Amino acid sequence: ETGVTQTPRHLVMGMTNKKSLKCEQHLGHNAMYWYKQSAKKPLELMFVYSLEERVENNSVPSRFSPECPNSSHLFLHLHTLQPEDSALYLCASSQEDSGAYNEQFFGPGTRLTVL
Amino acid sequence: EDQVTQSPEALRLQEGESSSLNCSYTVSGLRGLFWYRQDPGKGPEFLFTLYSAGEEKEKERLKATLTKKESFLHITAPKPEDSATYLCAVRVPSAGGTSYGKLTFGQGTILTVHP
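First to last, the sequence lines map onto chains A and B.
Its first residue numbered 650, the first sequence is counted upward by one per residue in this note's numbering.
Its first residue numbered 98, the second sequence is counted upward by one per residue in this note's numbering.
It is worth saying that the hints were derived from the structure and are not from the lab.
As the structure is a computational prediction, the values presented were derived from the model and not from experiment.
Take these hints with a grain of salt, some might be off.
Stated by the list, open to error - Straight-line alpha carbon distances no greater than 20 Å define the calculated DMTMM-like cross-link-like pairs of lysine to aspartate or glutamate that follow:
(1) B:K139 / A:E705
(2) A:K685 / B:D136
(3) B:K139 / A:E752
(4) A:K668 / A:D734
(5) A:K689 / B:E142
(6) B:K199 / A:E752
(7) A:K671 / A:E716
As the list claims (entries may be wrong) - Take a look, some chain A residues computed to stay more than 12 Å from chain B by CB distance:
(8) S711
(9) R712
(10) F713
(11) S714
(12) E733
A virtual CB, placed ideally from N, CA and C, is assigned to each residue, including glycine.
Use the sequences and the hints to build the structure in full.
Here is the structure:
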């Protein structure tokens, strides 16, 4: 595997279900991100982990719960979602070094549909 | 508040018809401007990073430029395979002493190139 991978690619869930999205980066980066992309709206940053520590939580509802067990893996745990949570969820990673502002590399995304 | 505005929202070109996409930004302390390409159902693909006014970068038919208030993505003699959504993002200072990529995205320009 290369780059940033995400599973599953598609997920349909009911409002009472619990599911998890998985992201893995094979780039040796030290920061990972979750974004939400809804139709007609810009990408929204949800969570940031740098060196496995959550450093940003952009007022995301508690029904979304991130987990970063190590620098290569990132999860997004979902429970009691709402239909408006249907979107493309993107994972990204970057190498954060002092004084360098490097690009983020994105995975293919998980298309989530909440019924 | 940091803002990124892309124009036009959609652009239709004939193959070979050169044009430019615009990204206007208002941020406090720019740490880099990024261009991405996104194909339907896929994650954004990194194209360019620009750090300072006057900087230019090229890749095949694409050329990105940066001023203090905006960036342009010039497309020379486009081909149908250049059809995609082009995203612009600005990096702003992260909170506290931790370095991470806090990106603010524009809503994108949907480019369609007809043969």
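Check your understanding: In ascending order, which of the hints set out earlier in this document are inconsistent with the structure?
Key -> When the structure is compared with the hints, only number 1 turns out to be violated.
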